[in-house]
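Participant: Below are the chains, spelled out letter by letter.
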Amino acid sequence: MPIEVNGKTFETDEEGYLANINEWEPGVAEVMSKEDDLELTDEHWDIINYLREYYEEYQIAPAVRVLTKAVGKKFGKDKGNSKYLYGLFPYGPAKQACRYAGLPKPTGCV
Amino acid sequence: MAKADFQVPVLKQYPEIPEIEPGATAHSSPFKSKPQFQAELGFPGELVDDWQTKALDKMGDLLGRYRSLRVYLDSCVKCGSCTDKCHYYLGTHDPKNMPVGRQDLMRKVYRRHFTLAGRLFPKLVGAEELTEEVLGDWYSYFHQCSQCRRCSVFCPYGIDTAEISMAAREIMDHIGVGQKYCNEIIGKVYKIGNNLGLPGPALADTLEGLEEDVFDDTGVEVKYPLDQEGAEILLVTPSADFFAEPHVDGLIGYGKVFHETGVSWTLSSHASEAANFGMFIGSYENMRRVALRIREAAIKLKVKRIVFGECGHAWRVAYSFLNTLAGPWDFLDQRYPVPQHICEFTYGLIQEGKLNLDKTRNDDMVLTYHDSCNVARASRMGDRPGGQFDIPRAIIRATCNNFYDMDEETIRDRTFCCGGGGGLLTDDLMEIRVKGAQPRVEALNNVMQEKGVTHMAAICAICKSQFTKVLPYYGMDLDQIVSVHQLVSNALVLTGEETDDEDEAADEAA
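Just so you know, the sequences run in chain order P and U.
In terms of our numbering, the first sequence opens at residue 1452 and continues consecutively.
In terms of our numbering, the second sequence opens at residue 668 and continues consecutively.
Same shape as in the complex, but just chain P:
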C-alpha cells in the first residue's frame, strides 16, 4: 500500500516497509508513526538516525546488541538496553524503528 507524504506518494510492501530506501525523507517516519498513534520525540529520532547511518555503512540494520551498545555510548548507559528501545518502539526496535527509517525488514529467525 502506498503512503502519502507532503503530497508525494511512496510505494511500500505488504508489511508497510518502504519499497525504495533511497526515496526516504523524514516525513515518511512522521506519517508512519502517526498511523501507529506514536508521537516521535528527539529520542526516537536519535535511534532512527543511527539506524540510517549504520545501514549506509553496512547495508543491514544493526544487531540488537550493536544497537543497544551504540545507544548506550552515545546517549548514556541507562539507555543502552532493549527495555529502553522497546519503550520507544513497542513493536520492537528492529521492526518498527527500521520501518520508520526506511530500512528493509530484517528477515530470518529473528
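Hints listed in this document are in silico derivations from the structure and should not be mistaken for laboratory results.
Quick caveat, the model's predicted, so the values are computed rather than measured.
Treat the hints loosely; a few may be bogus.
Here are the simulated EDC-like pairs of lysine to aspartate or glutamate, each with C-alpha atoms no more than 20 Å apart in a straight line [stated by the list, open to error]:
#: 1; chain 1: P; residue 1: LYS1556; chain 2: P; residue 2: GLU1465
#: 2; chain 1: P; residue 1: LYS1546; chain 2: U; residue 2: ASP1144
#: 3; chain 1: P; residue 1: LYS1556; chain 2: U; residue 2: ASP1095
#: 4; chain 1: U; residue 1: LYS699; chain 2: P; residue 2: GLU1462
#: 5; chain 1: P; residue 1: LYS1556; chain 2: P; residue 2: ASP1464
Listing some non-contacts, in silico: residues in chain U with all C-beta distances to chain P over 12 Å [stated by the list, open to error]:
#: 6; residue: ASP716
#: 7; residue: PRO789
#: 8; residue: GLU940
#: 9; residue: ARG1002
#: 10; residue: GLU1075
Every residue, glycine too, gets a C-beta built ideally from N, C-alpha and C.
Following the hints, put chain U in place on chain P, whose structure we already have.
Facilitator: Quick look at chain U alone, frame taken from chain P:
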C-alpha cells in the same frame, strides 16, 4: 508488543480438547512469494498456465521419488489417534488443523489421480479434483503446519504429516505459488550467505563488538574469529545468533567454551548460516544448494571438524542428511562426530571436568527446558538413545541450581512445538503463531505456578524468537526465554577471569 486483532487463548490448568470450529483459521495464509524470489530458487514466478496438470505431474514425480509419501497417503485408517495432538488444532480448533484433516487435503487429490478406486468411483472413496478452492486450502493449511512431527509419534502407522506438508509446498512452488518468508530468505543465503542478509563486514563488526563486551565483563580476551584459515573447528550457527536476543548470549557462550579448551575455531562468512529453509519448502535441490555452502567453507578454511550451534531444524539437516546432501566428509577428522552439536561438545568437557562452572551465577533464575521439535524427534545427540533429551538437560543441571521439567506429556519426544517452526516465523502468521503456542505456554505457566519457574531455556533460534514474540500475548515477559549456552556463559569461570564475587562463591561451594 503489537495489539492482537484476534482472541488470545486463555491458559488452563489442564489441557482441554476443544470442540471443532470448521473454518476457524481458513482466513490465515502467508504473503505470497514475488517473481524475483521464485526465480532465485528455480521456480516459476507466478501461477503457471495449466497449473493443475503440472501440479499432478509434480505429485507423481514425488510419489516416485519418495516411497514414504505414497505409504503415508495410502495407510491412514482414520483411527483418530492424531486428532488432538497438533498444537495448531488445540490452539485454533479448526478441524483442518487435525493432522488427519491436513493430510486429507492432499490424500483426496492423490486418490483421484493415483488410485484405481479414486479414478473409477471418486465419490465412494473421498477422492477430489485439485480445484482452485483446494489449492487455496493447501496454501492456507500447509502453512499452518510447523512440520514438528508430534502427530507421527502418536500415529500407529507412523504417518509423518511433515513430509506431506513439505511435498505440498514443493508442488505449489513448482506451479509458481511460493511463500514469501521462506523463499526470500533462501535467496538471501545464496546471495549473501545467511538468512538475515548480513554481509561480511557487518558480521565482522558485530563479532568485534562481542569480543569487547566479553573483555569488559571478564577481563579475558575471548576471540570470535571469522574466516580464519587452518582453524581446527568450523562453527556453523544460525545468523540469528549474531543479531537477536537471547540468541547472541548463546553465541557468547560457545566462544567462551572454545576459548577455555584452547581449541582453534572460526566462523565463515560464506556459510554464516546453519538454518536450511530448503527443508521447510520440501525442496531437495535447494536444501542441497544451501548445505553445499558448508562444504565449500570447510574445504576453503581447511578445518578438521564442524560444530553446529543452537538451531533446531539445522541440526536435523546436519545430523540426518548432511552426508547425503554434501558428503563425503572424509577430509574431516574422523575421531569426532561429523558433524557435532555444540551441546555434545560442551557436555564432553563437563564430563571430563574441564570447565569451571559456578552454578550460583544462575541463581537469579529457576529454569525449565523446552525440547525443540526437530532436535527431539528428528535427530539424536551423543552415543545413547535419548541423548538429545538428556545432554541439554545435563548441561543445564551442571550450570544451574534450579531446574524443573514441564509436564511429561509435553516434553522429550512428546514435546509441543513453539508454534513458529517450519517456516511460519513471520508476522503475517501471528495469529497462528500465538494460538499454536498455547499448549507449550500452558505447560510453562503450570511450572511457573507450581515450581516458581522464571525462565525457559531452548536450543533453537526459531523457538527463541517465537517465544520472545508470543509470550507477551500471554502476559509473560519477552526475556523469559534463554539460550542453553547463555547459562553456560553465565556459569563458566574463565581462566584468568577477574571476579568480584570470588569469596562469596567459595563460601557457597563450601
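Participant: Does each hint fit the structure? Answer for all of them.
Facilitator: Comparing the hints with the structure gives:
1. A hinted pair counts as satisfied when its Cα atoms are at most 20 Å apart, and LYS1556(P) with GLU1465(P) qualifies at roughly 11 Å.
2. With a CA separation close to 18 Å, the supplied pair LYS1546(P) and ASP1144(U) stays within the 20 Å bound.
3. Of the supplied pair hints, the one linking LYS1556(P) and ASP1095(U) holds, its CA atoms being roughly 13 Å apart against a limit of 20 Å.
4. The suggested pairing of LYS699(U) with GLU1462(P) holds, with an alpha-carbon distance near 18 Å, which does not exceed 20 Å.
5. For the hint linking LYS1556(P) to ASP1464(P), the alpha-carbon distance of about 10 Å falls within 20 Å, and the restraint holds.
6. Consistency note on ASP716(U): stated as away from chain P, and its beta-carbon is indeed over 12 Å from all of that chain's, at 25 Å minimum.
7. No Cβ of chain P comes within 12 Å of the Cβ of PRO789(U); the nearest lies about 38 Å off, and the non-interface call holds.
8. Non-interface status of GLU940(U) relative to chain P is broken: a Cβ of that chain comes within 12 Å, the nearest being about 8 Å off.
9. With 12 Å as the threshold on Cβ separation, the claim that ARG1002(U) sits away from chain P holds: the shortest Cβ distance comes to roughly 32 Å.
10. No Cβ of chain P comes within 12 Å of the Cβ of GLU1075(U); the nearest lies about 28 Å off, and the non-interface call holds.
Checked against the numbered hints listed earlier, the structure breaks hint 8 alone; every other hint is satisfied.
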